[in-house]
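Visitor: Make the full structure from the sequences, and use the hints.
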Amino acid sequence: MSIVIATLRRELLIAFRSPGDMINPLMFFVIAVTLFPLGVGSDKAFLSEIASGVIWVTALLAVMLSMDSLFRSDYEDGSLEQLLLSPQPIYFIILAKVAGHWLISGLPLVILAPVLASMLALPQQSLLPLLAGLMLGTPILTLLGAIGMALTVGLSRSGLLLAVLILPLYIPVLVFGTGLVDSAQGGMGISGLLALLGAMLVLAVCLAPLAIVAALRISVN
Amino acid sequence: MLGVKDLYCERDDRVLFRNLGFETAAGDIWQIQGSNGSGKTTLLRILCGLNDEYQGEIHWNGQALHKVRADFHRQLFYLGHAPAINKTLTPRENLRWFCASRGLDKTDEIKQALNSFKLYGYDDLPCYQLSAGQQRRVSLARLKLSAAPLWIVDEPFTALDKAGVAELEAFLESHADNGGTVILTTHHSLNMKSPVKTIDLDALATQVAA
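Chain order of the listed sequences is W and Z. Under numbering that gives the first Met the number 0, the first residue of the first sequence carries the number 0, and numbering increases by one thereafter. Under numbering that gives the first Met the number 0, the first residue of the second sequence carries the number 0, and numbering increases by one thereafter.
Hints are computed from structural coordinates only; laboratory data are not their basis. Note that CB positions come from ideal geometry on N, CA and C, so glycine has one too. Every clue listed holds true.
Covered by chain Z, per the in silico footprint, the following chain W stretches (three or more residues, Cβ under 8 Å):
1) 12–23
2) 67–78
3) 86–97
Guide: Take a look at the structure:
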């Protein structure tokens, strides 16, 4: 499993050497959420009602914006070809690459979310469901985004195409993620929805790398 | 080793080659020749399994390539047009990941490999600070670490200085002398003692036209 550690290490090193790729989606997340109270007014009751939806949608867009740095430079400098020709199990290399990408793009979103939640006056009892949902949901978003990115990495201007391809796939995660917070606010149990999100994550971890590898093979062809 | 039979490839309605066949053996050096756009890189990528838009058969040790892909990739070292070097990483970090991706436990030999390609003292500088020729040397230093018998290298002499070209020629030759196989493309006329077999894609294209 040394290839998994080596790949994770490489991804994190690259991210810390070019922090712009890491910080820009985070700044987008903070700024976009901040725009909502300015746009819809600072009525606390109304804000607390839309808070979870705003945070989820913005997090989803931030994850999508961060995808570009996942395969772009590897495609351009030829590392992607080397990766596809590696005799090591490519499934685990890709999984490590995506995991590394989540650590620098998804996890910081989860960490920042409580600050933004308090800014939008999200009720205290909804905070934990929101974070649990994001913790399970953002890796799914990253894995699905990686499939879209792998398909479009060979195209020169793939930004909008990527959005068209993967945003529909993000809908279930968004529905269950915000549903989790609504159930908690309504005083209902959240374990069922959490289990569903968890099952989706397991499914994505198992299947998405296969789709990513197939898409990458098409892209370098 | 690698055998090719009746290979046919067209790109944008233009036939690149037809009825292409050859069989490499241990100790061979093959040079693919042809003008710009004649399909040299396409041929190399087909041989590696990166491009599957072709008809014909490719065999590895007598078995169809797609059936023995994992074994083939273990025995193959490919270096494409692009140097496959991440510019924000240092030469050492780049080579360390290469070793891991090939399953090689050679961390101690990385420094030696870099030194033999005249990169002494550059191990820990990010690659974007190196010149184009030095980046090419980082890329080539992988040849030293690779344990694969089959080397497929696309324009390896690009950006190298005269001494570097001569050293690389000698190094490729020594790989063939040790029982390895080299398939390369280059526009530069090779200066090697051992016989170099050639495939001329321009000549093949004239046959197609006739």
